[in-house]
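Asks: Chain residues, written in single-letter form:
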Amino acid sequence: MSDPHRLRRRAQAIHGWLLLTPALAMLTTFAFYPTVATFWASLFSRGTRRRPTEFVGLENYQRLFDDPTFWLVAKNNLLYAGVTIPVSILLALAMALWANAKIPARSFVRTAYFTPTVLPMIAAANLWLFFYTPGFGVLDQIGALFGAASVNWLGQPETALWAVCVVTIWKEAGFFMIFYLAALQTIPPDLREAAQIEGASRLAYTRRIVLPLLMPTTLFILVNAMINSVKLIDHLFILTKGGPSDASKLILYYIWENAFAFFDAPAAAAMTVLMLAVLGALAAFQFFVIDRRTHYR
Amino acid sequence: MTQQPPFVTLEGVTRQWDGRGGVRDVSLAVPEGAFVSILGPSGCGKSTLLRLISGLEMPDAGRVRIGGRDVTGLPPADRGLSMVFQSYALFPHLSVRENILFGMRVRRVPRATRAHKLAEAVAMLGLEGLEGRKPAALSGGQRQRVALARAVVSGHPLCLMDEPLSNLDAKLRHSVRRDIKALQRRLGLTLVYVTHDQTEAMSLSTHVVLMRDGQVEQIATPRALYAAPVSTFAAEFIGDPPMAIVEGAALGRPGALVGLRPEHLALAPAGAAHLTGTLREVEYMGAETHLIVAHPAGRGLIVSVPGHAAWQPGQQIGLSLPEEHRVLFDAQTGRARERPAPGSRGHPAPVAPSP
Numbered sequence: 001m002s003d004p005h006r007l008r009r010r011a012q013a014i015h016g017w018l019l020l021t022p023a024l025a026m027l028t029t030f031a032f033y034p035t036v037a038t039f040w041a042s043l044f045s046r047g048t049r050r051r052p053t054e055f056v057g058l059e060n061y062q063r064l065f066d067d068p069t070f071w072l073v074a075k076n077n078l079l080y081a082g083v084t085i086p087v088s089i090l091l092a093l094a095m096a097l098w099a100n101a102k103i104p105a106r107s108f109v110r111t112a113y114f115t116p117t118v119l120p121m122i123a124a125a126n127l128w129l130f131f132y133t134p135g136f137g138v139l140d141q142i143g144a145l146f147g148a149a150s151v152n153w154l155g156q157p158e159t160a161l162w163a164v165c166v167v168t169i170w171k172e173a174g175f176f177m178i179f180y181l182a183a184l185q186t187i188p189p190d191l192r193e194a195a196q197i198e199g200a201s202r203l204a205y206t207r208r209i210v211l212p213l214l215m216p217t218t219l220f221i222l223v224n225a226m227i228n229s230v231k232l233i234d235h236l237f238i239l240t241k242g243g244p245s246d247a248s249k250l251i252l253y254y255i256w257e258n259a260f261a262f263f264d265a266p267a268a269a270a271m272t273v274l275m276l277a278v279l280g281a282l283a284a285f286q287f288f289v290i291d292r293r294t295h296y297r
Numbered sequence: 001m002t003q004q005p006p007f008v009t010l011e012g013v014t015r016q017w018d019g020r021g022g023v024r025d026v027s028l029a030v031p032e033g034a035f036v037s038i039l040g041p042s043g044c045g046k047s048t049l050l051r052l053i054s055g056l057e058m059p060d061a062g063r064v065r066i067g068g069r070d071v072t073g074l075p076p077a078d079r080g081l082s083m084v085f086q087s088y089a090l091f092p093h094l095s096v097r098e099n100i101l102f103g104m105r106v107r108r109v110p111r112a113t114r115a116h117k118l119a120e121a122v123a124m125l126g127l128e129g130l131e132g133r134k135p136a137a138l139s140g141g142q143r144q145r146v147a148l149a150r151a152v153v154s155g156h157p158l159c160l161m162d163e164p165l166s167n168l169d170a171k172l173r174h175s176v177r178r179d180i181k182a183l184q185r186r187l188g189l190t191l192v193y194v195t196h197d198q199t200e201a202m203s204l205s206t207h208v209v210l211m212r213d214g215q216v217e218q219i220a221t222p223r224a225l226y227a228a229p230v231s232t233f234a235a236e237f238i239g240d241p242p243m244a245i246v247e248g249a250a251l252g253r254p255g256a257l258v259g260l261r262p263e264h265l266a267l268a269p270a271g272a273a274h275l276t277g278t279l280r281e282v283e284y285m286g287a288e289t290h291l292i293v294a295h296p297a298g299r300g301l302i303v304s305v306p307g308h309a310a311w312q313p314g315q316q317i318g319l320s321l322p323e324e325h326r327v328l329f330d331a332q333t334g335r336a337r338e339r340p341a342p343g344s345r346g347h348p349a350p351v352a353p354s355p
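Residue numbers (the UniProt record's numbering), protein chains in the order written: chain D, 1 to 297; chain Y, 1 to 355.
Derived from the structure by calculation, the hints contain no laboratory data.
All the pointers check out, no bait thrown in.
Straight-line distance between alpha carbons at most 25 Å, and here's what the computed SDA-like set of lysine to any residue pairs gives:
#1 134(Y) to 205(D)
#2 102(D) to 47(Y)
#3 102(D) to 73(Y)
#4 134(Y) to 204(D)
#5 134(Y) to 187(D)
#6 102(D) to 74(Y)
#7 134(Y) to 288(D)
#8 102(D) to 19(Y)
Let's have the full structure, built from the sequences with the hints guiding it.
Replies: Quick look at the structure:
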């Protein structure tokens, strides 16, 4: 290998690193360093004026596992994810298939479905607060027309989490629909015609052609929905504040409470680390297992 | 086209969008086993006509019959036909095998039959060893063959093709063209083939349907279409180079347009020339040279001379237009006025549009 050749390769490598540097610096400052710092903080005890912080190893995690509220909150979050993710994805798919068909007022339908996405979550939550309010809320008023008794949807442990789920689904389905709609429009109309000529019914075409071609989109939406099921808790602050008796409390809300209401930073740090571990494992599963079975064009 | 009982019949079929485009009042009869090309410039409605036969488009008026059955209101699947699309329309997420089997799967054909037919189609189109590949991993020619296999495997007697060669390069186009013709003959298919390429239409088909602005201009065998075009449009669309057209006044036939195929156009010494024009361009083709001549009364005057010609642009050039090869058109309507006696050159009588 000649010398100028080696020089050029080195120059290329330096060039590559230079291009990577800005992103690397930002990610290190705002993602990697905080992650490490959080993990580090979760290994120390909570400092008070008389007892300074000391290294306690995994004691914070032990404390967390002994905390019944933590388990309740984890269970809540699991149910919340288990309901909102599939329902909002299925709803998004159904709406996209409908809004992509040749229907009258198609753009009106699309806009209507997309409107909830444009609203800030706080505004949406306030809107739904008005729907759910016992007595003069919209749901109760409609119920009263049919002689139903007043229900305090957000105020009782049995219904509070479900009421929160409904708001999330309402908010997310329209957003996911846009992705499905975009993906549907990249499917050439020829494929439908070819399937038609081969004798495929509309159902067979949807099941054998459309759904497999939408798989990459579904995967993308799934990742987003999963992240949102942990991340999106704005509406809890307006609707229930996690209550009643922690019935609608989700993990991130509990972390926030621990850190900024109970001032127990090490507990919050430990919980954050656990959450990151679970999310990381899920992302790995999606990208390494599901991704392989998905057809990308 | 009337000797055999027609297999596909269109009767006064019309399909337009807001009174524009599409096809107007097209009637056509395709005999069984025929290779019919629908030819015309882009936007003339040839694809619409094919889609009307396939059932992907429903006519505003008129009837469509296939195999003696009125299929006007039937969906594509119930018409007993297969189709090859310009884009091939292969399902990108399915392997070659699954693409070919798709129709049989949705129609719930038994497994043994499927395997047998797949093997047959794969062998016929030389797709052995590619069964497991996705369309993205195939070359253009291979994709084309998969699309043909999908059409063949259905076993339908009627096959429709919408510009199936336009996405292939010129060399491949010639070989696939011959494959299609061989396949059609071997399976006894009735084939309706849409193209804008007149060489394709002329070389492949038993009958050519020439279209213009949504209407049929002429239906004829390739030979009749070439020898006896019904209009100046047909004359100038067919042939490479197409027919030369000269105003009749310049040749002592006022009120007429005189058409002449370029192979009958010859150089003539100044005294014996019917026309004298200016040489505009010299195109050397190898075996022959095209001399493109400009004359105020003529268009498309191209003389081919064998081998290389030592002519220079700008020279005056005398042309002879032999009387017996002239085709006369009405100057007003552009329709053929009198046909040259067909027997004189061994061409069969032109066939009138049917029914």
